[in-house]
Every structure is written in C-alpha cells, then in structure tokens.
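The lines below spell out each chain.
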Amino acid sequence: MTDPLETIQEEEERRRPRQRFVLDDTGFDEVPRKYRRFYRRWKGRSDTLRPNEVLCPVCKVVIRSTRELRPGDRVYCMPCMSRLFVVLNEDGQLEARVAY
Amino acid sequence: MAERPGEVHRLEPEEFLQEVQSFEFWFQSVEGYLTGRRFGHLPETPEEDLPENERDRLITALCNYCVGETAALEGASGLVAIAPNRQIQIFLSTQVVDEGRHLEVLLHRLRSLGVTDPEQEIQKRVNRSLLAFKRRLFELVAGKDWEGSIFAQNVILEAMEFSVFQAHARRADPITREILDGIVKDERRHIGFGENDLGRRLKATPHIRARLGEIKRQLDPLVLETFEETLSELAVPPDERTQLGRAYLAVVDRLGLV
Chain W
1 MTDPLETIQE
11 EEERRRPRQR
21 FVLDDTGFDE
31 VPRKYRRFYR
41 RWKGRSDTLR
51 PNEVLCPVCK
61 VVIRSTRELR
71 PGDRVYCMPC
81 MSRLFVVLNE
91 DGQLEARVAY
Chain P
1 MAERPGEVHR
11 LEPEEFLQEV
21 QSFEFWFQSV
31 EGYLTGRRFG
41 HLPETPEEDL
51 PENERDRLIT
61 ALCNYCVGET
71 AALEGASGLV
81 AIAPNRQIQI
91 FLSTQVVDEG
101 RHLEVLLHRL
111 RSLGVTDPEQ
121 EIQKRVNRSL
131 LAFKRRLFEL
141 VAGKDWEGSI
151 FAQNVILEAM
161 EFSVFQAHAR
171 RADPITREIL
181 DGIVKDERRH
191 IGFGENDLGR
201 RLKATPHIRA
211 RLGEIKRQLD
221 PLVLETFEET
231 LSELAVPPDE
241 RTQLGRAYLA
251 VVDRLGLV
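Keeping their order, the protein sequence lines are chains W and P. Sequence positions in the first sequence follow this note's numbering and run 1 to 100. Sequence positions in the second sequence follow this note's numbering and run 1 to 258.
One should not assume that every hint holds.
Cross-link-like lysine-lysine pairs, in silico, DSBU-like; alpha carbons within 30 Å at most [said to hold, decoys possible]:
#: 1; chain 1: P; residue 1: Lys-185; chain 2: P; residue 2: Lys-216
#: 2; chain 1: W; residue 1: Lys-60; chain 2: P; residue 2: Lys-216
#: 3; chain 1: W; residue 1: Lys-60; chain 2: W; residue 2: Lys-34
#: 4; chain 1: P; residue 1: Lys-216; chain 2: P; residue 2: Lys-144
#: 5; chain 1: W; residue 1: Lys-60; chain 2: P; residue 2: Lys-203
#: 6; chain 1: W; residue 1: Lys-60; chain 2: P; residue 2: Lys-185
I should point out that these hints are in silico values taken from the structure, not numbers from a laboratory.
Could you build the full structure based on these sequences and the hints that come with them?
In structure tokens, the structure reads:
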C-alpha cells in the first residue's frame, strides 16, 4: 500500500520548480562547438555529478542539461549518438538508461 | 541550426538521429580534436626514449591494432552496401574515413619507431585469434547479415578496441597516448551507433536475439584471447583487465545477449 505521506512528498517534489543551470564550455571537444557545453569528461568514480548531470552508460561521458534532471527526462549523448532516459537507481541517484 | 542552440535534449528523436548521423556533424566533431595534429599527434609532442623491451612490446601492440583497424575498415566499407537506409550509409561512410585514418596513424607510428617494413612486421606479430575474428567478420559481411556484422564489428570489435586503447593510453609514451586518445574519441561514435542500431532492431524483431547469441558464442573465445594477450603485452594488472572486460559485458547485457 502506498504511504499517503510519501505520495504527498512526491507530489510536492514534482511541483517544485526545477533549478536552472548556466552551462559553460569545459573543454570537451568531441562534438560540434555549438553543442560542447552540454557535455564534459568524466573524472572517474570520484567525480560528483550535479543535479543537472548524468553519466552516459555507453561511452562514459557526462551529459549536462540547463535544468535540473528528474526521473523520466530524456537526454541525448551526442558523442556516442545515444538516446537515454533518466531514472532513479536503487541508491537514490539519478542514472541514465539507453532507450533504443 | 543556430550557433548557440537551446536545450539540446529537447530535439525530437528523429531530428537528433539526422543531426548526429550526418557528415556535417562528423566534420565539425573531428575538427575539434584533430586540428593542428599530424598523424594523430601534435607536432611539438616530444618522442620519449623507450627502453628496447618496451619499444618491442609497443610494436607488437601497434601491429595488432593495425590488424583490428584493417578489419574495421574493410568491414565498415562492406557494410555501406548492405546498410538498411541512406542515413546509415552516410554514417558508415564517416566510420570508413575514421578507420582509414586510424590505420594510417598507426602505420606511421610503427615507422617512427623504426619499423621499416610494417607489413612484414604485422605478419610476424599478429595474434591468430584476431585473424580468426577478422575472417568470421568478413563472412558475416559477405553473407549480407546486417545484424550479425554490426554486432561483430561495432559492438564486439569496437568495444574491445575502446577498452584496450583507453587502458593503453593511460600508460603510453606521450605520442602514442595522443594518437590513441584521438582514436578513442572516434570509437565513441562507432560503439554508440552499433549498440543503438542493434538495440532498435532487437526491440522490433526479438527473434534475431537467438542468432546473435550464437554469433556471440562463436566470437567470445577469440575476443577474450585477443583481449587477454594484448593487455598482458601492455602489462595491464589482472584486476584492471577484469574491469575492462566488464565494459564489453555491460553492452551485451544491455542488449539482452548474455
């Protein structure tokens, strides 16, 4: 049975306006210049992802968005040409899954 | 499209595919990391004086990379003719160019290391399992088996190269590292294309899964042996080798081909 309190919290979370992010060029050079700010290199397991970032499971590049990401969002990894969607994993972290 | 687009993730899926599978996209992408390089590295990058045994091991690795890249070059060329549509033909033509460039920079690196006859050296040092893999890939292409060929080439072969080149680049001399880093950037497009194309086909026609599973069973031992021998040649520690092998396993897992 769904906890009514949990449902209310989820609803409030969904209604909360998304944070916005200004993306700057991080030196990522594998896509055309106009798209570069949407990607950055992954620094390995110690790399902390921000709320607007997910890691591409196919090619291990960090995908960035101008807004906070939430489960169900669609993102594209241009360096490996993958379409992905955002999910919440078992650890409560945002994760990207490939949508074929 | 405007120079500074809005949120790239708002593109429609078809619009996204048309954009990334184009020659225009390829050209502007490689311009970012190949401009100013000659044969894959900056002209001012210094040549490191390698001890003889390390130089010898590097030559063996490069000879095998040349065989892998030749397989990918001939494989991708053959795939252009059997591609299911023009958009994919255009993407594959960019892959053919990438593979040709890889082969050229690797041959050039062999010559700069003092190998006067790369062809003869390759014949002497090539891994037999890699040759067997290449033969099987060409059979699949000649048999016009699109899914089998894409699986063998853009999933298995490219995933192996992607992992091996990254591991090698981390411990290579500066020139070899720059060359391999540039190749890895190209490989991202190839592995992504392979996994996504095959993923879409498996979703639409799940019955092909059994046939691909059979191809995987045939090729796995060849890939693993090649992988193991190359990584051992590069003195990659066993725990790192296991981690690298996982990248390939993750792809086949995502495609449901375990």
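Hint-by-hint comparison with the structure:
A hinted pair counts as satisfied when its Cα atoms are at most 30 Å apart, and Lys-185(P) with Lys-216(P) qualifies at roughly 25 Å. As the CA atoms of Lys-60(W) and Lys-216(P) are separated by approximately 24 Å, the hinted pair is consistent with the 30 Å bound. Our distance criterion of 30 Å between C-alpha atoms is met by Lys-60(W) and Lys-34(W), whose separation comes to about 21 Å. Distance restraint check for Lys-216(P) and Lys-144(P): the Cα-Cα separation of roughly 17 Å lies within the 30 Å cut-off, and the hinted pair is therefore satisfied.
Restraint check: the Cα-Cα separation between Lys-60(W) and Lys-203(P) comes to about 24 Å, which is no more than 30 Å; the hinted pair holds. Between Lys-60(W) and Lys-185(P) the CA atoms are separated by roughly 11 Å; this keeps the pair inside 30 Å, and the hint holds.
When held up to the earlier numbered hints, the structure conflicts with none and fits them all.
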